[in-house]
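Given the coordinates of chain A, work out where chain B should sit on it, guided by the hints.
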Amino acid sequence: MSVATAHPAAAPARPPASSARRDGAAQAGPTPPAAVTLAKALNQALADAMAADERVVVFGEDVAELGGVFRVTDGLAARFGESRCFDTPLAEASILGTAIGMAMYGYRPVVEMQFDAFAYPAFEQLVSHLAKMRNRTRGALPTPVVIRIPYGGGIGGVEHHSDSSEGYIAHTPGVHVLTPASVEDAYWLLRSAIASPDPVVFFEPKRLYWSKSRVRLPVTTGPIGTAAVRRPGRDLTLIAYGQSVPIALESAEHARGFGYDLEVLDLRSLVPFDDATVMASVERTGRAIVVHEAAGFAGFGAEIAARVSERCFYRLEAPVLRVTGLDIPYPPPKLEHWHLPSVDRVLDAVERAMAA
Amino acid sequence: MTLLDLPLAATRGNPAAAASYWDTDPLRYLDEHGAPVEGGLRPAPEMLAADRLLAVYRSLRLARAFDTEATALVMQGHLAVYPSSRGQEACQAAAALCLQPQDWLFPTYRDTAALAVRGIDPVEALTLLRGSWHCGYDPKRWRTAPQCTPLATQAPHAVGLALAAKMAGDPVVALCLLGDGATSEGDFHEACNSAGVYQAPVVFLVQNNQYAISVPLRKQTRALSLAGKGAGYGMPGVRVDGNDVIALMHVLDEALERARAGGGPTLIEAVTYRIRPHTNADDAARYRDQGEVELWLSRDPVDRLARYLTATGRLDAGLDAAIGEEGAKYAAAMRERLAEEPHVDPGDMFEHVFAGPTPQLRAQRAMVEAEIAAQSADSSAPTHGEA
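Residue numbers (full-length UniProt numbering), protein chains in the order written: chain A, 1 to 356; chain B, 1 to 387.
Please keep in mind that the hints were generated in silico from the structure rather than gathered at the bench. Please note that the accuracy of each hint is not assured.
[Stated by the list, open to error] Stretches of chain A that chain B covers, calculated by requiring three or more beta carbons in the stretch to come under 8 Å of a beta carbon on chain B: (1) 84-98; (2) 105-116; (3) 131-143; (4) 166-177; (5) 273-286.
[As the list claims (entries may be wrong)] Derived CB-CB ranges, DEER-like: (6) G356/B <-> A35/A: 35 to 43 Å; (7) Q290/B <-> G139/A: 42 to 50 Å; (8) R314/B <-> A195/A: 37 to 45 Å; (9) A140/A <-> E336/B: 20 to 28 Å; (10) S309/A <-> R218/B: 32 to 40 Å; (11) A78/A <-> V344/B: 26 to 34 Å; (12) P89/A <-> E292/B: 37 to 45 Å.
Glycine is no exception: its CB is placed at the ideal position from the N, C-alpha and C atoms.
Next up, chain A with everything else stripped away, as it sits in the complex (with noise of 0.2 Å):
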């Protein structure tokens, strides 16, 4: 159903300059592990929480035979047989519904809505459904699904194929939002979200399906709610998620260039929101600036300036500052650029938070 499959060659992936040292697990061997790419680090945390708990299923659109556009779930049928990992009849509602009613039953369904765009379908079933279930029936109904959706641009994506869907999903109480940006997340956070006993929305930053790491898998890292600094910093605080975590560390690496020393959050779990990690930062550092790629108006970067400027207004020494999408739609693929938030415009932003 894809118009565009993105590819490597279309996507130069920024390897995040995280490392699992820094969160703690990976040993080093006696050989070098060899480079992970997130898409197979995604693929490993499926087979090894389906080997090691038999109620996870996974199941969407081409995700058996075909093993997703993606190939994230590669294998997984041939492994666990159709009956673990199974192919959906085209209808986004539906493959949430039916994941709602597996979790009413005691099954851990792990969903896969095949493009951002494509799954609004479900998200009635998501609001109305999934967030509420255990509320409304005071915790007797838990419904731990985990949907998985690629989101972001950057790919050459032709349209409905490049949108940052977080914002709606993170308005939701009642479900977790989460979204890796190194190797060693994607496989740990994967695995934290089937375990966890509350829904999950995982959201997989495309771009950064092909940025590798060299690991050795099974690794863990943060919990569910906690933030990472990826790199210490000074002077300014700049926070980023998904695909804008390496566009927020270049612009690190850059701004040392003009004497500025920044440094970098990857928010990894939207919801629950790690507001220790993040006004710790900003208390240090006096400025901070939000990075995403959806647009700005209402996005979730309002809600970090926000929470911000409630909590460390009489530290700032600048007012909070975002860098975000444009507010328009997603445009072809010849224009993203223009959308998309660069290092100069995070340079621009800096710029103008170190001169306030």
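Positioned in the frame of chain A, the structure of chain B alone reads:
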């Protein structure tokens, strides 16, 4: 006039369409006077056994008593809203009675009487409509999903639960209740389609009560039979007289057994009528004639079974009065318990958003608790001007 006249409302001026309606004549055992129809359904002898039918009759009377009392309670302000199922008692009772304990029921907001027949405490069943919480009963204990208010969105859940049971090898069937309006929703289509593909052990029971609030069926669909939609999903579609409880239970039993035996889903359309307005807040006089309501009152599902039982010597005036007394007692207990102000706990709002509270929810809960504490301090202190 017979039941068969009804669909003509949708086919006025279209004789060809009317003709095809005769092909989809609802299945029946009893006519509207309670006499067996010649050439009608032939239910199994167990279905027609006296003790079985008297139990069904008791359930119809219970559903009627429940609905009547709930209608009175909403008028008195003890419920926030009540969507009545008066006239649909055969569907309500049959849905609950045909299920085995391990089967799951997926009800809508209009199916509270079915919950009562299933055995759920009326106070728990009416929690949603009383407004003291959303779902007042334990869905796992009663194998009954929370009543669904958005239309048809529970249908994919029923499919998912049925698929899960099938995968686990359990002899469990899911019964999904829907109204005629819900068949226009995308989730109805997606659920039926997926149920067919997965051969899920699920039965969809559409209570075609002719109206979605004010919109009559002819504005809902050009299809001449809702049951006919089953063909598009590769499942049997059965159109049955929804006020003939014997026919309905026969059809339901057959569909549930087929599902349980691995034969896949069934779509049942029960032709019935919503006697009362959509809810207490609705004014049905704006969109339908009282004459139509009177016609359907003459087809009452409770009276129909009573007449049959009386004619076949299984019910006499004494027994009927005794059964009526059981219903009156049930209603009196409802009245007494629901007239009390319900206990609500603001802590509940925070308790089950997630398995454990987030730091943000902990802070918001503390704020509300401080407000409650301040309020109770205020109410015990002398009144002060600008509080």
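*Examine the segment 105-116 of chain A for residues whose CB is less than 8 Å from any CB of chain B, and state whether their number is three or more.*
Three-residue rule met by the segment 105-116 of chain A, so holds; n is 4.
_8 Å C-beta criterion, at least three residues: is the segment 273-286 of chain A covered by chain B_ = holds (count 3)
*Whether the CB-CB distance between R314/B and A195/A falls inside 37 to 45 Å*: At 57 Å between Cβs, range violated.
*Evaluate the given range 42 to 50 Å for the C-beta pair formed by Q290/B and G139/A.*
holds, 47 Å
*Is the distance from the Cβ of P89/A to the Cβ of E292/B consistent with 37 to 45 Å?*
holds, 39 Å
*Are three or more residues of the segment 84-98 of chain A within 8 Å, CB to CB, of chain B?*
holds (count 8)
*Determine whether the Cβ-Cβ distance between G356/B and A35/A falls within the hinted range of 35 to 43 Å.*
holds, 37 Å
*Holds or violated: the segment 131-143 of chain A covered by chain B, criterion of 3 or more residues with Cβ-Cβ distance under 8 Å?*
holds (count 11)
*asked:* Range first: 32 to 40 Å. Now tell me if the beta carbons of S309/A and R218/B are that far apart.
replied: Given about 56 Å between the Cβ atoms, the range is violated.
*Do the beta carbons of A78/A and V344/B sit within 26 to 34 Å of each other?*
violated, 53 Å
*Given the range 20 to 28 Å, decide if the beta-carbon distance of A140/A to E336/B lies inside it.*
holds, 27 Å
*Coverage assertion for the segment 166-177 of chain A with respect to chain B, Cβ distance below 8 Å, three residues required*: holds (count 3)
Taken one by one, the earlier hints fail for this structure at numbers 8, 10 and 11, listed in ascending order.
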